[in-house]
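As you go down the protein sequences, you meet chains A and B in turn. If you count the first sequence from 1, position 120 lands on 120 in our numbering, and the numbers rise without skipping. If you count the second sequence from 1, position 46 lands on 1046 in our numbering, and the numbers rise without skipping.
Think of the hints as simulated: they come from the structure by calculation, not from any bench. Predicted model, so just to flag it, every value in this text is computed and none were measured. Cβ coordinates follow ideal geometry from the N, Cα and C atoms, glycine included. Just so you know, nobody snuck in bad clues.
Rough simulated footprint, nothing fancy, chain A against chain B, three-plus residues with beta-carbon under 8 Å: (1) 1180 to 1193; (2) 1201 to 1213; (3) 1225 to 1236.
Protein chains: 2
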Amino acid sequence: MAHMTSPLLIVGSIAFDDLDMPSGTFRDVVGGAATYSALAASLLTPVRVVGIIGDDFPDANLERLRARGIDTAGIERANGKTFRWHGRYSADLTSRVSLDTQLNVFADFSPKIPDPYRASPFVMLGNIHPSLQVDVLRQVERPKLVAADTMNFWISGEPEALAEMLRRVDLLVINDEEARQLSGIQNITKAAADIRKRGPSQLIVKRGEFGALLFDEAGTFFVPAYPLEKVVDPTGAGDAFAGGLMGYLARYGDTSPFALRRAMFFGSALGSFCVEGVGPSRLEGITKGELSTRIESFCSLVDYGGQLTFSG
Amino acid sequence: MAHMTSPLLIVGSIAFDDLDMPSGTFRDVVGGAATYSALAASLLTPVRVVGIIGDDFPDANLERLRARGIDTAGIERANGKTFRWHGRYSADLTSRVSLDTQLNVFADFSPKIPDPYRASPFVMLGNIHPSLQVDVLRQVERPKLVAADTMNFWISGEPEALAEMLRRVDLLVINDEEARQLSGIQNITKAAADIRKRGPSQLIVKRGEFGALLFDEAGTFFVPAYPLEKVVDPTGAGDAFAGGLMGYLARYGDTSPFALRRAMFFGSALGSFCVEGVGPSRLEGITKGELSTRIESFCSLVDYGGQLTFSG
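Same shape as in the complex, but just chain A (with noise of 0.2 Å):
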């Protein structure tokens, strides 16, 4: 198919993840939001980052990144610790608990837009504070659309910011448990009703290993999670299927809802792609082959034969 590849900017998180798993334990893991959402994007457009690292970053993990293509340009580095993060799963992996969270040099991070960045047509605001998502898009210039994720510490904590930065996004990405508590709603297909309203026209709900389902004007949407023989990790899915969905958008340039649609699956298949690997391991490595025979296997998965009527 002819295309023109768009720019997709990323701002989120980069962190070091301690993972403590039924598999084993892993330490000093290269984790965060944008880290995973980059790698995902990376084999469908060009993919430019801004985040923060501490001086205890190596160099050797940002040419990891660029390694895939990704612009690192825009990650500032600041003296001090990187975020860390450290975690532990339960033994089927459906749940995990924060043992430690050290926001170090994230606590102060205020998001400068490098010039080059600032006319990114399609723009992936991780999960940080609501007001510097807003202040991101003071710095870029009328994007094509406009992408974001929260977490339950904002909408808990910063109501009024969170509230400003749904009025300004086109696509809210999270989870069911945000999707309710955002809402205070119980029922997901009403909860997304009300979060429509709020300011988001697209919104999507993530549901794991359930798959995830969009509402937009043109109805709703599902689209299921792949089903694995062995999950490894699941740090990361989240922010792989929001970094693989932007990135099969901005690949097209194409904002329409059927493209929307087919983005969701790409979303899945770098998902499903991640878990497949301790942190980031497995997305480092996809190839375009297999992302393609993935997504051949994604077809079959829903193909119906495409002949479901119903007449009495």
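With chain A fixed as given, assemble chain B onto it according to the hints.
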């Protein structure tokens, strides 16, 4: 579409349910797997039911089944009370506990298939003792497709009888917890492969509000649950799913992989109607027009415009 409907034989429980729900308490609600499956299938194909009721079961209740075209001649009336179940649902309706189960006449149920039913080409074996399920198969003549349900009680208590049942059925329809318990494998994809080796070439794993997965010789297929704005009562949704699925297959007399995939949508559609009312009340009132409309909504829910490819 031209088609020749085939009769569907359903064997299973008929019950009185007492339901404690956030919306209220409901007593003496007609229930049982056979009731829900039969009502769901009745819109699609001629249905015959084999089950047992006590002398407390009003004929008016059978008349309500007959009003939907269901053949109730195979329902045996015995001295004693009808099977009774009392359940309480959680506030969000996603879990429930059994407060009381009285098997009553169901304890001595030994299905006798009337002569006119023996040539039924489609057979649904509801969740009864696996030896009774096998006994039904001894009484029928080479059906085109045999589907079965089972439950944790038989998986743990009657492994040998269950193993024999599995060797004799084409399609097993169970939920994800049952699939894990039956196989002893946590991962659903691996669990499915294990179960299919035990007999059924086709396996459907139901996941409630998260849809259902099909595993067969053509691969893996996924159907979502319909996103409803209001769930009233989840009782019987899984049985309505099985009934809608088998009703569709019987309607078109087609057991090909694509037919089974399309049938999954009809199962999911009937399951979605089921939960919209207390007990089987909504299923009793669905029109063909309503079913047609919901199937159209399902098409839209999974319609991505049919151009899902990726080549580097």
